[in-house]
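Undergrad: Chain order of the listed sequences is A and B. So for the first sequence, this note's numbering puts the first residue at 5; every next one is plus one. So for the second sequence, this note's numbering puts the first residue at 110; every next one is plus one.
It should be emphasised that the hints constitute simulated quantities derived from the structure, not laboratory data. Keep in mind that this is a model prediction, so the values were computed, not measured. Here a beta-carbon is modelled for each residue, glycine too, at the ideal position from N, C-alpha and C. Please note that the accuracy of each hint is not assured.
[Stated by the list, open to error] Listed below are several chain B residues computed to face chain A (Cβ distance under 10 Å; list not exhaustive):
(1) G225
(2) F244
(3) G319
(4) I322
(5) A325
(6) P329
(7) Y340
[What the hints assert, rightly or not] Here are a few chain A residues that sit away from chain B, every Cβ distance over 10 Å (derived from the structure):
(8) V156
(9) V177
(10) E199
(11) A243
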Amino acid sequence: MTDVTGMRPLVLVALVVLTACAAGAETTTGDPTTAASDGAVSGDVTVFAGASLTDAFTELGTAFEDANPGTTVTFNFAGSQQLATQITTDGAPADVFASANQTQMDVVGEAALLAGGPVVFARNRLEISVEPGNPAGIATLDDLGRDGIGVVLAADEVPAGRYAREALDAAGVTVRPVSLETDVRAVLTKVSLGEADAGIVYTSDIAAAEDTVEGVAIPDEDNVIAAYLIATLRDAPSAEAARAFVETVRSEKGQETLDAYGFDTP
Amino acid sequence: MTRGQESTAAGIPAGVRALGVAAIVFLTLPLIGLALRTPWDQVSTLLTEPLVLRALRLSLVASLASLALASVLGVPLAWLLARTDFPGRRLVRALAVLPMVLPPVVGGVALLLALGRRGLFGQVLFAATGWALPFTTPGVIVAETFVAMPFLVVTVEAGLRALDPRFEEAAATLGASRWTVLRTVTLPLIAPSLTAGMALCWARALGEFGATITFAGNLPGRTQTMPLAVYLELESNPAAAYLLSILLLVVSIAVLVGMRDRYLGSP
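With these hints in hand, go ahead and build the complete structure from the sequences.
TA: Listed below in structure tokens is the structure:
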């Protein structure tokens, strides 16, 4: 699943500088960067993260545990809108929230449940996923509006669904989806099982799906760039470890991992 | 009778009583929570919301269709299980009951792999007709039937087993044909079991979630049944989600009351 062949050294250099600047601007307490690397923190960190982060964060979680003996990271991956609801309505005991868009981070922010200010830690692009070999011959967003093409989208509340709608609206394409899924990975599944002809997902999802789907790039002028935000939560049971995890995600190593999984830098 | 119960209750250890009370609190507290959070003053407005109406209509159509399908297929199966002794009958019964204990989402995955567009049988259908079950209302009906039919089968089978075959034999010796016996003796005698089985089956179909969202997806008006709407609206429109939940709760209570002889009656 890990694919590190796409690493670009130049981008990484730029990224290190950027994250260093961002970390300097955002970090308010202590020195979490060193805390994360010298293993000073301990405890269980519960991370609520958007479904598209599943593979990258799982690897980051393992790296974090290795760097900080005595910590365990537990993930709850789902549509960001579900996670926001779980945090605000159900009072889920989460330490970190990573949302695939600003809207769902705002849901938690408006409930005054954030501790650290949310920061953008990654970006992602939309891509059309089709069956291997592209039997339906999908080349552009316009093709998704063709009769007889079964398109699956994420529901409008899901960040991926909202981004997809933005892209389709901007391109002036009317799509009648056959299903609106609860998170972006469910969209991917429906395409990889061959039940749908196409779906709009993130570039990183297509990288994660390996050979089960094929990606059809959406040109820049029609694309929508997703911004991923991360924040620690006010009622975090493991506040210190939570900050350390956020720093790990934003560290050079963390950004390398995200890059390897097809994400773009902030 | 009353005296007997009192003396029995007196012999129950305090610990058992406390745990019993804890169990009933545990089972009822969530329902109270739901009832308290339901925006009763908005019920009339919420009931006219397109999303709620579409989910209601689809749920009624799909659950009744799946009840019909389950009855047509399930009663004969119950009959075979109760009245015949063929090799592998126990295995067949185990398979028929399996969906009752199988996680519904697993049922949904299995249905996709069998009846989906690229599924074992689904691809034959798709090649021949260009049509596939996933993302369609018939797909919802199939998913609901898969999960709900076992409830009808086991209930009717139990009814048939409890039936004294001598009634049917008597009718037959008096010259009644097989169909006449079925129509005038067997069916009336198992009517209570049949009704109970159908009620359970319908309630289960109405509440089906996991297999439906996995196999049929989620599209308002086509595959988004009430439970799916509850799940999805909880994020964007909690009031509608609570209302739909209450409606499903009321239906469940109605089914229980309708079968009070079986589940609520005195022992």
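Undergrad: For each hint, tell me whether it holds in the structure or not.
TA: Structure-based check of all given hints:
1. G225: 5 Å, holds
2. F244: It holds, given that the least Cβ distance between F244(B) and chain A is near 4 Å, below 10 Å.
3. G319: 12 Å, violated
4. I322: 8 Å, holds
5. A325: 8 Å, holds
6. P329: 8 Å, holds
7. Y340: 7 Å, holds
8. V156: Non-interface label on V156(A) violated, nearest chain B Cβ at 7 Å vs cutoff 10 Å.
9. V177: Since the minimum Cβ distance to chain B is about 18 Å, V177(A) lies beyond 10 Å and the statement holds.
10. E199: At about 5 Å from chain B, E199(A) fails to clear the 10 Å cut-off, so the statement is violated.
11. A243: Since the minimum Cβ distance to chain B is about 26 Å, A243(A) lies beyond 10 Å and the statement holds.
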